[in-house]
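Participant: Next come the chains, spelled out residue by residue.
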Amino acid sequence: MVVGTTGAATIHVGKQHTISSITQAITRAKNGDTILVHGGLYQEGNILITKSLTLIGKNNPIIDAQKNHEPLSIEANHVTISGFTIKNSAHSSIKDIAAIKVYNGRHITITNNILDNNFFGIYLQNAKNCRIENNRLQTYGETERLVGNGIHAWKSDSITILNNEIAGHRDGIYLEFVTHTQVDRNRAQNNLRYGLHFMFSHDNQYHYNTFKANGAGVAVMYTHRMRMEHNIFEENWGDATYGLLLKDITDSYIQNNTFVKNTTGIFMEGSNRIQIQQNRFENNGWAIKIFTSCMHNTLSRNTFIQNTFDVATNGGKMTNTFKGNYWDQYEGYDLNKDGIGDVPHHPVSLFSMLVERYPAAMLLFRSFMVTLFDRSEKMIPSLTPENLKDENPLMKPDKRTVNR
Amino acid sequence: MNNKIIKYVISDLLRNRTILFYTLVLLTLSLSIFLMEDNTDKGIASMLNLVLFVVPLVCIVFSSIYLYNSAEFIALLVSQPLKRQSIWLSIFIGLATAMTLAFFIGVGIPTFIFAYSLSGITLVIGGLLLSLIFVSIATWTAVRIRDKSKGIGLAIILWLYFALIFDAMLLFLLFQFADYPIEKIMIAVSMLNPIDISRILILLEIDLSAMMGYTGAIFRDFFGTHMGMLITGLVMLLWTALPLWFATRYFKKKDL
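Chains as they are written, first to last, in my numbering: chain P, 1 to 404; chain C, 1 to 256.
Keep in mind the hints are simulated off the structure, nothing from the lab. Just to be clear, a hint being listed does not mean it is correct.
[Stated by the list, open to error] Cut-off 20 Å, straight-line C-alpha distance, at most; resulting in silico cross-link-like pairs (EDC-like, lysine to aspartate or glutamate):
(1) P:Lys396 with C:Asp41
(2) C:Lys42 with P:Glu356
(3) P:Lys389 with P:Glu331
(4) P:Lys396 with C:Asp38
(5) P:Lys212 with P:Glu144
(6) P:Lys317 with P:Asp248
(7) P:Lys261 with P:Glu235
(8) C:Lys42 with P:Glu235
(9) P:Lys261 with C:Asp41
(10) P:Lys396 with P:Asp334
(11) P:Lys396 with P:Glu331
(12) C:Lys184 with P:Asp239
(13) P:Lys212 with P:Glu142
(14) P:Lys399 with P:Asp334
(15) P:Lys261 with C:Glu205
(16) P:Lys261 with C:Asp221
(17) P:Lys396 with C:Glu37
(18) P:Lys15 with P:Asp64
(19) P:Lys261 with C:Asp38
(20) C:Lys42 with P:Asp328
(21) C:Lys184 with P:Glu356
(22) C:Lys150 with C:Glu72
(23) P:Lys87 with P:Asp64
(24) C:Lys42 with C:Glu205
(25) P:Lys67 with P:Asp116
(26) P:Lys261 with P:Glu229
(27) C:Lys42 with P:Asp374
(28) P:Lys399 with C:Asp38
(29) C:Lys83 with C:Glu205
(30) P:Lys261 with P:Asp328
Note that the coordinates shown come from a computational prediction; the quantities given were computed from them, not determined experimentally.
Next up, chain C with everything else stripped away, as it sits in the complex (with noise of 0.2 Å):
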């Protein structure tokens, strides 16, 4: 890793004006949901969708774009005397910081300010956690896919496969397995999506009172717990590492 690069992938960010006006937007909808909403609990419950959808549609879909547009910086880069994976993971840790910042100004500050309970931790751990990970999943389609148009479509069809997909086939899986006792494998499955893990996980402190029912119990019996919890920071941790890894492996023997 290179000081120089992550300062300058850093600084030249933050000069940009999608992130400005992402940091921005995310300030409006938050301060204006926390500010119509008198029960706080209801106004995580609004920022669940700001949180779930929007941040990583945004974080996915922004960095393949900068990392596109950063082709020719990145090759000159390369001409230099330095290691390639450590130019790859600066320019990665660049990226993340912008986005977590961007993330935490907009909605970690005024969440701390009108929310700061459990669920509202939750939040923001869940939201900051989700910023790594696409960042993350969008530098390994980025080195992996040369062409930029393709490469922004496959960004937002794994963010739709993510958000939207996932779901309907766990649905769909639900409602064939239906007479099984199929709770702890539904529990293993949605680990293979981040969102729906950020999601449980929220939903575990706000929906508390439905969530102590038979079903619900057995959910809060493996995420409740400290084990439950281990796994699945370490399960977050590995969304965030697995794709970062594969992608600077795969730039280290790139021909550019």
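Just chain P, same shape as in the assembly (with noise of 0.2 Å):
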């Protein structure tokens, strides 16, 4: 009986088969052996994996928690976890529980999987070169604070977030101290806090994803040299809800994005140097809140159509650049036919200016009075900072802003 040491065994776990229990199978299994799950439900509490294997799961097993324990621990690297249901992981606020929790692994993955009502999802902790891909999310949490994030990582580098859903959790997925990492082609709706939301994680990236009706689209914090490109955010609607959340962050690109139906598209504070280019912002309520922390910022190719208010801002002072973006607000002529307007657009509104100061102002928005204002702010400008202005603004939409 001393087989095993050279090739990598697979181990069958069911009721048909001698092994029932997945524990059971991980004792008795060794370093780079396959144990293969068949379908069935296993209530087995926790369930810890202290060696690299890979677990998948056949006819959909069930890992069933009971709400007493962590499903499934992982304290061990090259481990790989596919094709299982995991559910009704424990609920504890002094432990974050999570439905697959990953201490310091290397090169995990997890993939195929459907988590349903847990506290946290998936949750790594100091993990390097993890993928986490095509998970279904779901919980059903009625405050923050009863219930977690959806894949939670901390204290991590080079991980790839790829085509998973969340929807009912904290935040759809959180990343604090987290580096270097992709979050790609994901879908975070109703989730109670954000949709996607970073601290303190530097040189990240996020594309083509999808928030819709969270508490928030995406709140990026105190963070450096950020790509976010090809998201969509809709329906991020309520009192201070936004599409994007930008705070204290530098050295990023916002590029080709769409924002539809949010209270507030984009805002930013204490945000510096910041390309935002070829975005489309559409019925929103206010496309973009720029207060005058924010220095040296770009904002170029964007369209903006048929939103309440194109931009608001907090007081005269400007550095930053509107140029070239069209505006369907934008009154003035192109005589010589170029493409671009000949006239420079104001896009912040006395009024909005007067909303953000008396938020009950709007109940007078559209009225003649209001209408009266603004055309006359508009040919001599007092209230509205004076250097706020596209000096360029193009007379069409421009063809880069499609999205995908």
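Since each chain comes alone in its own frame, lean on the hints to assemble the complex.
Facilitator: Now the structure itself:
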């Protein structure tokens, strides 16, 4: 019986097989083995993986922690978890219990799982080179305190988060002290706080994601060198709710995104040197709220259509550049037919400044009185920031704005 | 109410050139707005000015002029064995039918064709109610003031008040009491102006995203609920009924 040292073995787990529990299979397995779990219900409390194993679920095996345990804990490198349904993890506000929790792991792959009614979904703690792909996460929290994040990574590096669907969690995806990470083609919907949340996480990028009807779409805080491209932010509605919230961000790119029907499309505070290009803003309450604490940002070739307010700000000084955007509220002309308006456009209206200071004034919006105010302010600007203007506004939307 | 008088007033008004012109102008404007704008919500926003300013103005001024010009006809009717109340109500119904019909053809039909949405329906209903209300206000001013030029002057001043001055006062109120939680009071005060009520209802449809913000949410909590809509509808009906009631009461005792 001195075998198994050369090749990796496959261990079958299921009712028809000699081994009927996953824990038992793990005890028997050696590094590099594959455990094939057949369909059925597995209620084994906490399953701890301490070896480099590949766990594959066949015919949808269900791991149920009965609200008392952490279903799956990984304390090893090179582990793959695929094809399971994991549900009913315990809830705890002291220990962050997750459906799948990775402790200090390298090269962990978590694919094609369904996570239902857990506290945290997938939790990476001090992990590296991990891949989280094609998972569906759903939970039913009622308040932010009673529910954890969908995919949570802390102090990790080089994580790939691809094609997941996350609903009902606190944050859809939460990354803190995470670097060189890619978040692509995910869909975060109806999460209580943010769809995607970055804290102190540098050099990351996210593309082609959809953030719909979350507390706020994406929050990026205290982070440098981000790339945010080709994402869709929609229907993030409510007070203090934003499509994209930027707080203390520098040297980043926001390109080719679509912002539709958000109360505020982009909210920027203390953010510098950001290139905001070729984005589409449609039917938002405020397309961009840019505070005077933001400096040297460039907004160009964006398209603004049917927003209640295109740009709002809180003061007079402005060191940000607006150039070559398309504004549907532009009323100038183009005599030489080069596609660029001949008179500058001032995207901040007097009334939007007024609403910033007296929110209740919103009641008077679109009244004749307010139209009159805005007209006279356009003739003789006195209260709106003089230098916040687009010197060469486009007459037609830039074709490169088209998303995807 | 007397069906013969209603029929006569309506047929008289439908042959009236001003009504025809009014219908055509509304139709041309709404068609050109909807054909130029590819975004329906933007079209509705442009239509808003038409509905909130042109419609009340035409309704109140035209109705006043019509009532003054029919003074002899009314005197003749009074000499007949007819109740004064039914004469006056019949004339109102005739006028109101003609004005709402003109509005429905001029704005309602194009809106339903090009922008059949909740915002479009709100716009049309708001416009119809505004037509009724301003005809009703005209009956009151016309019966109270004997002199034609003074009466029309008052009609124009009333329009100016509802369309412009009221909002200016509201804005002033807002600045003065900005430090207090005045949102609920603002809603109550805005009920005193039918143009504002219609405007806010349409605003809640076309600027929904902005209205979901902090103060917007307060307005939405009121106007978006069944109770709020019921109160709003009731207030709009009161705005139609009250001036008419005052006018009829005065007409019954008036020395012609």
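Participant: Is the straight-line distance between the alpha-carbon of Lys261 of chain P and that of Glu229 of chain P 20 Å or less?
Facilitator: 18 Å, holds
Participant: What's the verdict on Lys42 of chain C and Asp374 of chain P, does the C-alpha distance respect the 20 Å limit or exceed it?
Facilitator: Holds, at roughly 18 Å.
Participant: For a C-alpha distance cap of 20 Å, please report whether Lys396 of chain P and Asp41 of chain C respect it.
Facilitator: 19 Å, holds
Participant: Does Glu356 of chain P lie within 20 Å of Lys42 of chain C when you go C-alpha to C-alpha?
Facilitator: Status violated; Cα separation ~23 Å.
Participant: Checking one constraint from the list: CA of Lys184 of chain C to CA of Asp239 of chain P, max 20 Å. Satisfied?
Facilitator: 17 Å, holds
Participant: With the threshold set at 20 Å, check whether the alpha-carbon distance from Lys42 of chain C to Glu205 of chain C stays at or below it.
Facilitator: 12 Å, holds
Participant: Need the status of pair Lys261 of chain P, Glu205 of chain C: alpha-carbon distance at most 20 Å?
Facilitator: 12 Å, holds
Participant: Lys389 of chain P and Glu331 of chain P: Cα distance at most 20 Å?
Facilitator: 13 Å, holds
Participant: Can you confirm whether the C-alpha distance between Lys42 of chain C and Asp328 of chain P stays at or below 20 Å?
Facilitator: 10 Å, holds
Participant: Does Asp328 of chain P lie within 20 Å of Lys261 of chain P when you go C-alpha to C-alpha?
Facilitator: Distance ~16 Å between Lys261 of chain P and Asp328 of chain P Cα, so the pair holds.
Participant: Tell me if the straight-line CA distance from Lys396 of chain P to Glu331 of chain P falls inside 20 Å.
Facilitator: 13 Å, holds
Participant: Mind checking the alpha carbons of Lys396 of chain P and Glu37 of chain C for me, to see if they're no more than 20 Å apart?
Facilitator: 14 Å, holds
Violated hints for the displayed structure, listed by number in ascending order: 2 and 29.
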